[in-house]
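Number of protein chains: 2
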Amino acid sequence: MSSVTTEKKKIVILGCGFAGLFAARSFANSDYDVTIVDKENYHVFQPLLYQVATSELDPAQIAYPIRSTFRHVENVDFLMAEVTQIDFKNKYVFLDERILYYDAILIALGSVTNDFHTPGADTYCFRLKNLEQAMELRNHILSCFERVEHEPDPVKRKQLLTFTIIGGGPTGVELSGALSELINGPIRKDFPRLDLKEANIVLLQAMDCLLPPFPKRLQEYTQKRLQKKGVDVRLNAMVSEISEHCVSIKDGSMINSGTVIWTAGVKGAPIASQFGVEMGRGGRVLVNEYLQLEEYPEVFVAGDIGLERDPERGVPMVATAAIQQGEHAAKNIRHFFEGSHLEPFAYNNKGSLAVIGRNAAVADVKGSQFTGFLAWILWLTIHLAYLIGFRNRLMVLINWGIDYLLKEKGVRVILPKDMKHIFGWDGVDSSKPDRDTSNE
Amino acid sequence: MSSVTTEKKKIVILGCGFAGLFAARSFANSDYDVTIVDKENYHVFQPLLYQVATSELDPAQIAYPIRSTFRHVENVDFLMAEVTQIDFKNKYVFLDERILYYDAILIALGSVTNDFHTPGADTYCFRLKNLEQAMELRNHILSCFERVEHEPDPVKRKQLLTFTIIGGGPTGVELSGALSELINGPIRKDFPRLDLKEANIVLLQAMDCLLPPFPKRLQEYTQKRLQKKGVDVRLNAMVSEISEHCVSIKDGSMINSGTVIWTAGVKGAPIASQFGVEMGRGGRVLVNEYLQLEEYPEVFVAGDIGLERDPERGVPMVATAAIQQGEHAAKNIRHFFEGSHLEPFAYNNKGSLAVIGRNAAVADVKGSQFTGFLAWILWLTIHLAYLIGFRNRLMVLINWGIDYLLKEKGVRVILPKDMKHIFGWDGVDSSKPDRDTSNE
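Protein chains in written order, with the numbering used here: chain Y, 1 to 440; chain W, 1001 to 1440.
Chain Y with its partners taken away, still in its complex shape (with noise of 0.2 Å):
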């Protein structure tokens, strides 16, 4: 096969996410040698984690393996590798196991969970921006309902039912509207002793509203829904410390909670900063108004982990502008080898929408607003069409439908157990003292 491409122009794609996706189907069947580089050998669809979070969807349901992605395109190919340096100047890419040569590289690593330093966040946090972090958080929640059954202590009981979401954005809303749905659904007809007084879902944001890119009638909306769900929604409330089982706010109050998730923000991928290229706030990669570094005119850069060096064109860090600025960058790529103009990024902004639960979200579409049933199915319509692969629309409308008829969340297995990152499976370590809990 070597000796066939030989004078084909060497594309390199760093990371499978959706700017690493889109770019690469652009250049399906064309001229060019393309290859993917993930360290993971499938696609997720992240808009879902917290659906795999909270037991609605199995991990395999919204991953797609990237090679199948690609079968029959003969052009694109994929190799299972992490990035660990790039030369720009020899235009080298440097793999764990390999080196490969670019003529043109596009650099779509995305982002990781941003804790801004909070102390305490780093070890005591749940994160949810891969599977592996939705599986354990998933294992974990359903390992609390367990342990509670064999605890007497109600100090540890209540640290054991609460869980926190710090983070008020589209992630905090629906991962506190599921959790809510899950525990005051199958949890509370499998655990019959437990009183569900005792279960408490805490949202904390730091600014003064939910949503804070949406108008505010559907931010409102978000929040009287989520306080019908019973979720305890704290506005102002900036996080200053989480040790173990308490998150401390600024005002000075304090929560007993044994699950604590972060989802108040993301950085670009830590890789990106041992590249040696100019970086902007939030581990990004600045990057010019054609999505390209300006030292180096073959290096394009797409999805969370780029930003715009001019502070008015950032875009937010959100599915469809990674997807739309990878197929941007493909076509300035390809403009690039030709000779021909690039074109600047103009974000085509869809709208924004954010679920809460049964028959609740809320839609922004283009100056229009739309709030409960509508805006449900508008979101549940999205996001089976961008789901890739048959069998996981397939799998995962089954799952929503048998939810909806019936509100089962289907995937309630705590597995594989040894997924303990963080406490032991019980989320109790008894050899540290209760703490005081000013608040609880």
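All clues given are correct.
Restraint-style ranges between C-beta atoms, simulated for each label pair:
| hint | chain 1 | residue 1 | chain 2 | residue 2 | range |
| --- | --- | --- | --- | --- | --- |
| 1 | W | Gly1276 | Y | Ser273 | 53 to 61 Å |
| 2 | Y | Lys228 | W | Trp1400 | 38 to 46 Å |
| 3 | W | Tyr1386 | Y | Leu397 | 23 to 31 Å |
| 4 | W | Phe1116 | Y | Met279 | 54 to 62 Å |
| 5 | W | Gln1369 | Y | Phe390 | 34 to 42 Å |
| 6 | W | Tyr1386 | Y | Glu7 | 54 to 62 Å |
| 7 | W | Gln1369 | Y | Glu82 | 47 to 55 Å |
| 8 | W | Gly1276 | Y | Pro152 | 24 to 32 Å |
| 9 | Y | Asn90 | W | Pro1192 | 25 to 33 Å |
In silico DSS-like cross-links for lysine-lysine, where the CA-CA straight-line distance does not exceed 27 Å:
| hint | chain 1 | residue 1 | chain 2 | residue 2 |
| --- | --- | --- | --- | --- |
| 10 | W | Lys1417 | Y | Lys267 |
| 11 | Y | Lys417 | W | Lys1039 |
| 12 | W | Lys1039 | W | Lys1267 |
| 13 | W | Lys1010 | Y | Lys189 |
To be clear, the hints were calculated from the coordinates, so they are not data collected in a lab.
For glycine and all other residues, C-beta sits at the position ideal for the given N, C-alpha and C.
Using the hints provided, position chain W relative to the given structure of chain Y.
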């Protein structure tokens, strides 16, 4: 609730495999106070573990939350806990965090892999007795193919692409058939550069036939079908030692293999040997014909972990026997409390089934022998019928349908990636010198 139930007899069931589950079901809505104890929160349908290992099914599709099974059954309770000891004299069972009193107890803790102390088996073999092991094996198999894309050395390529299955019983046969279909189907399509002639599935059987308890005609059919699928079936091949990437056979031959799966035997769950009761061969608890301990008449044993004292009354360690024993032990526990005569257990052999692959299975049912499509349909129907949960049945049926129509295995994700108990994810330890391989 405790005040109401104080007069009820307390029955503890240890383990919720087939025996424990069906025993508990027999007590549903009776006048006994039943507690099931299991270290997992789900019952797993073990006969389909090999389909999880070969990317056909999601792990959660063959697992069902134990609590949900007994959601509408007031007298059956569940505790997620591990058994550490039993005080037979005072009738207490010790769990990791709690002690339970019982009036009668059913020990149904199942079995684990038995490698008969073959040197190296414990360290280097994959096993297939629980869902964690099945996921680990799936991740490893898929990783071998990703890894071989980076590997130029032909010896190491051979190592990565040689899968050795030890044991020619149903698990070994079913696993090698499914692995062949995975490799010759989706893997072949996803790895166009791979020469499938490099890939090898070796099935090692110590005896002179596959599926020893089956009639000779079915054994021969099985062997031929597997060979047609490209499986290298070796009879009379007794494994003497397993080292890293190498299986040694008693006749002196060696196989250079990065994946070795031990399916050649089971033994009683190891905890049983600490109970201080009389043990039979294979780490199993010796019981009388009533499935009862002679010394402690309120202690019953069912499923793989029990062995009838009378060697002529042995039953196979299979799901149907466990189900029958579980139900029978439950009946005898009732007789025991009611003061009526216990009934000796009589195994009703409904027949044996093993599937080789697409349209190919063998069935030996009450003297009638079936092969091919008919046996295959019988196998599918029975397995679907015994799966627990409507959602699971539907999902499994869809996965099977997609596989049948499109020759796809839907769950080809390496997830979670940090399950690497045996090797690193790449299956190759490059620090060790390559081994000579006389046989491959």
